[in-house]
Amino acid sequence: MAQHGTDDEDGKDLPDGRNLPARADEAENHEVGLLDGVSGLARVAATGWWRATSAVVETTVQTSSKIVKSALNGASPAQIVDETATELRTIAQRSLGFGDENDEDNGSSQHRCSEQELKARGAALLQRSADVRWNDDMHPAYERILEEIAPDEARILKYLALNGAQPTVDVRTTRPFGVGSELVAERLSMIGEEAGCRHLDRTNAYLNNLFRLGLLWFSKEKVEPSRYQVVEVQPIVQDAMKRAGRSPSTVHRSVHLTPFGVDFCKTCLPLDSPGYGGPIVL
0 MAQHGTDDED GKDLPDGRNL PARADEAENH EVGLLDGVSG LARVAATGWW RATSAVVETT
60 VQTSSKIVKS ALNGASPAQI VDETATELRT IAQRSLGFGD ENDEDNGSSQ HRCSEQELKA
120 RGAALLQRSA DVRWNDDMHP AYERILEEIA PDEARILKYL ALNGAQPTVD VRTTRPFGVG
180 SELVAERLSM IGEEAGCRHL DRTNAYLNNL FRLGLLWFSK EKVEPSRYQV VEVQPIVQDA
240 MKRAGRSPST VHRSVHLTPF GVDFCKTCLP LDSPGYGGPI VL
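In this text, residue positions in the sequence shown follow numbering that gives the first Met the number 0: the first is 0, and each later residue adds one.
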């Protein structure tokens with residue numbers, strides 16, 4: 000009589016619907032395959048962990064060495080921070096397996112021109128300067144400068160272009176023979192009021208930014224003495240003189256446009272149009 004559901008060697012179905020491998024050796028191979036799959040996943044995980052750890056350690060050592068070298072070479076703190084940030088961004092990429100070592104080593108300079116490229120660009124500029132057909136009526140930096148100045152700064156530029164050098168006052172403490180005199184406030188002026196700036200408290204910041212862009216210059220030269228009297232009676236100057244203590248001293252200086260700033264104003268600002276660069280009338 001035929002037996003039902005018990006012939007495991009022939010791989011027949013059991014009564015409850017289950018199916019066993021046809022042979023014992025096939026079952027053993029099936030289990031080995033499962034273990035191989037698990038070990039494969041383990042190898043992948045271990046490889047990823049080792050790659051991430053190696054990348055972190057190696058990049059940390061390299062970055063630390065570059066920081067020390069940059070500091071010894073006199074690099075500014077801002078430059079060191081920028082270079083370090085670029086190096087640290089490669090850690091995540093390397094841990095995930097993106098990129099190769101050569102790409103990572105060049106990551107800090109991938110956006111910089113080589114010396115040969117810079118010389119080629121310089122040669123192209125010299126070639127254009129010798130070409131009488133080349134027309135360069137506007138300096139290439141003017142477009143960028145317009146994006147880096149505030150509306151109040153444009154008012155200051157126009158005011159200086161139309162009215163010339165303006166008086167500024169430094170307030171210092173008084174010490175015998177000037178020894179040990181301390182600066183209390185510098186570059187106090189009426190430029191913000193006269194130019195019609197909306198944010199008068201930012202006047203010095205505006206002047207510093209325009210100086211950074213090469214548009215104006217803080218000069219030790221003086222203007223007419225009578226013009227300083229008007230500045231010295233302003234509340235901001237009086238407050239600085241009180242903070243300077245007994246017998247404060249004032250140093251007279253001036254601020255004016257550089258030749259580059261004069262050309263920028265002539266090119267980019269409507270100097271002949273009324274209503275700009277002067278006090279706001281409400």
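For the record, the hints were derived by calculation from the structure and aren't laboratory data.
Quick caveat: nothing in here was measured; it's all calculated off a predicted structure.
Yeah, the Cβ is synthetic: ideal placement off N, Cα and C, and Gly gets one too.
Just to be clear, a hint being listed does not mean it is correct.
Restricting the straight-line Cα-Cα distance to at most 16 Å, the calculated cross-link-like pairs of lysine to aspartate or glutamate (EDC-like) are [what the hints assert, rightly or not]:
| # | residue 1 | residue 2 |
| --- | --- | --- |
| 1 | Lys157 | Asp262 |
| 2 | Lys157 | Glu231 |
| 3 | Lys219 | Asp262 |
| 4 | Lys265 | Glu185 |
| 5 | Lys265 | Glu181 |
| 6 | Lys241 | Glu185 |
| 7 | Lys241 | Glu231 |
| 8 | Lys157 | Asp169 |
| 9 | Lys221 | Asp169 |
| 10 | Lys241 | Asp169 |
| 11 | Lys157 | Glu185 |
| 12 | Lys241 | Asp151 |
| 13 | Lys157 | Glu192 |
| 14 | Lys219 | Glu185 |
| 15 | Lys221 | Glu181 |
Here are the in silico distance ranges between beta carbons for each label pair [as the list claims (entries may be wrong)]:
| # | residue 1 | residue 2 | range |
| --- | --- | --- | --- |
| 16 | Arg245 | Leu161 | 36 to 44 Å |
| 17 | Ser180 | Ser128 | 43 to 51 Å |
| 18 | His198 | Ser272 | 16 to 24 Å |
| 19 | Asn207 | Asp238 | 31 to 39 Å |
Violated hints, by number in ascending order, as checked against the structure: Per hint list: 2, 3, 4, 5, 8, 11, 12, 15 and 19 violated.
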